[in-house]
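*Asks:* Those protein sequence lines, which keep their order, are chains A and B.
Numbering-wise (the working numbering), the first sequence opens with residue 1 and increments by one.
Numbering-wise (the working numbering), the second sequence opens with residue 1 and increments by one.
Keep in mind the hints are simulated off the structure, nothing from the lab.
What you are looking at is a predicted structure, and each value in this text was computed from that prediction instead of being measured.
Even for Gly, the Cβ is constructed at its ideal location relative to N, Cα and C.
There may be inaccurate statements among the hints.
Now the in silico label distances, taken between C-beta atoms and shown as ranges [unchecked claim]: (1) A:M1 - B:Q109: 39 to 47 Å; (2) A:L5 - B:N53: 21 to 29 Å; (3) B:L110 - A:R18: 37 to 45 Å.
The calculated SDA-like cross-link candidates involving lysine to any residue, where the alpha carbons are at most 25 Å apart (straight line), are [unchecked claim]: (4) B:K8 - B:I42; (5) A:K8 - B:K92; (6) A:K8 - B:W81; (7) B:K8 - A:E56; (8) B:K92 - A:E23.
Protein chains: 2
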Amino acid sequence: MTELLQEKCVACRADSPRVTVEEIAELHPIVAEWELTEENSIPQLTRSFRFSNFAEALAFSSSVGEAAEAEGHHPRIVTEWGRVTISWWTHKIRGLHRNDFIMAAKTDQLYSA
Amino acid sequence: MTELLQEKCVACRADSPRVTVEEIAELHPIVAEWELTEENSIPQLTRSFRFSNFAEALAFSSSVGEAAEAEGHHPRIVTEWGRVTISWWTHKIRGLHRNDFIMAAKTDQLYSA
Numbered sequence: 001m002t003e004l005l006q007e008k009c010v011a012c013r014a015d016s017p018r019v020t021v022e023e024i025a026e027l028h029p030i031v032a033e034w035e036l037t038e039e040n041s042i043p044q045l046t047r048s049f050r051f052s053n054f055a056e057a058l059a060f061s062s063s064v065g066e067a068a069e070a071e072g073h074h075p076r077i078v079t080e081w082g083r084v085t086i087s088w089w090t091h092k093i094r095g096l097h098r099n100d101f102i103m104a105a106k107t108d109q110l111y112s113a
Numbered sequence: 001m002t003e004l005l006q007e008k009c010v011a012c013r014a015d016s017p018r019v020t021v022e023e024i025a026e027l028h029p030i031v032a033e034w035e036l037t038e039e040n041s042i043p044q045l046t047r048s049f050r051f052s053n054f055a056e057a058l059a060f061s062s063s064v065g066e067a068a069e070a071e072g073h074h075p076r077i078v079t080e081w082g083r084v085t086i087s088w089w090t091h092k093i094r095g096l097h098r099n100d101f102i103m104a105a106k107t108d109q110l111y112s113a
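Please model the entire structure based on the sequences and the hints provided.
*Replies:* Set out below in structure tokens:
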């Protein structure tokens, strides 16, 4: 995971490249707890994190949100009692970019911090 | 809305009463911007709030979360770039309680603050 953690998100445009099948095969094992999901035909990386109450869930959501702001790349964060579900994808390319794997790794790091 | 805003959530148990159809007819107009939705046969109050960026959306999510903690009644909060979607329902009764209308009114107040 170290490699992804050291990377910064790059600015993304509509013609930026989606990750290829080969890149997914390389990157997904690094963030293996994330599911490759699909919504409205858009692939996403999604993971749920468990907490023992609402306040801890909310604090985690805030820390992921602040990391997102720092990188200029933003997820969907679903905050509930005892659970936070994060989804990363790249709106501009309607798919997955290397940025999403970088942010998944940074999210895992925040959870284990 | 003033009446609901002055109320506090009461502790809820599995045998607490759901709001009746008549109570919904009375309470829903007070928080008219909330949709009565249903998920897995559980009625919910849901409203989306718009923002001009991610940071404002995240700040609103935090303030709703803090209000929820203060009342001991917790919503689902979906935070995205420029949008926050809040859903209120009462897990213990798998339905809507007066508490949910109280919290919808308090959420509206936070948005207009």
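*Asks:* Determine for every hint whether it applies to the structure shown.
*Replies:* Do the hints match the structure? See the list:
For A:M1 and B:Q109, the Cβ-Cβ distance of about 43 Å falls inside the hinted range of 39 to 47 Å, so the restraint holds. Taken as a hint, the range 21 to 29 Å holds for the pair A:L5 and B:N53, whose Cβ atoms sit roughly 26 Å apart. Roughly 38 Å separates the CB atoms of B:L110 and A:R18, a value that falls within the hinted 37 to 45 Å. Using a Cα cut-off of 25 Å, the hinted pair B:K8 and B:I42 holds, with the two alpha carbons roughly 23 Å apart.
Between the alpha carbons of A:K8 and B:K92 the distance comes to roughly 43 Å, so the proposed pair goes past 25 Å and is violated. A distance of roughly 19 Å separates the Cα atoms of A:K8 and B:W81; the hinted pair therefore holds under the 25 Å criterion. At most 25 Å may separate the alpha-carbon atoms for a hinted pair to count; B:K8 and A:E56 meet this at roughly 23 Å. For the suggested pair B:K92 and A:E23, the alpha carbons sit about 45 Å apart, so the restraint of at most 25 Å is broken.
The earlier numbered hints that this structure contradicts are 5, 8.
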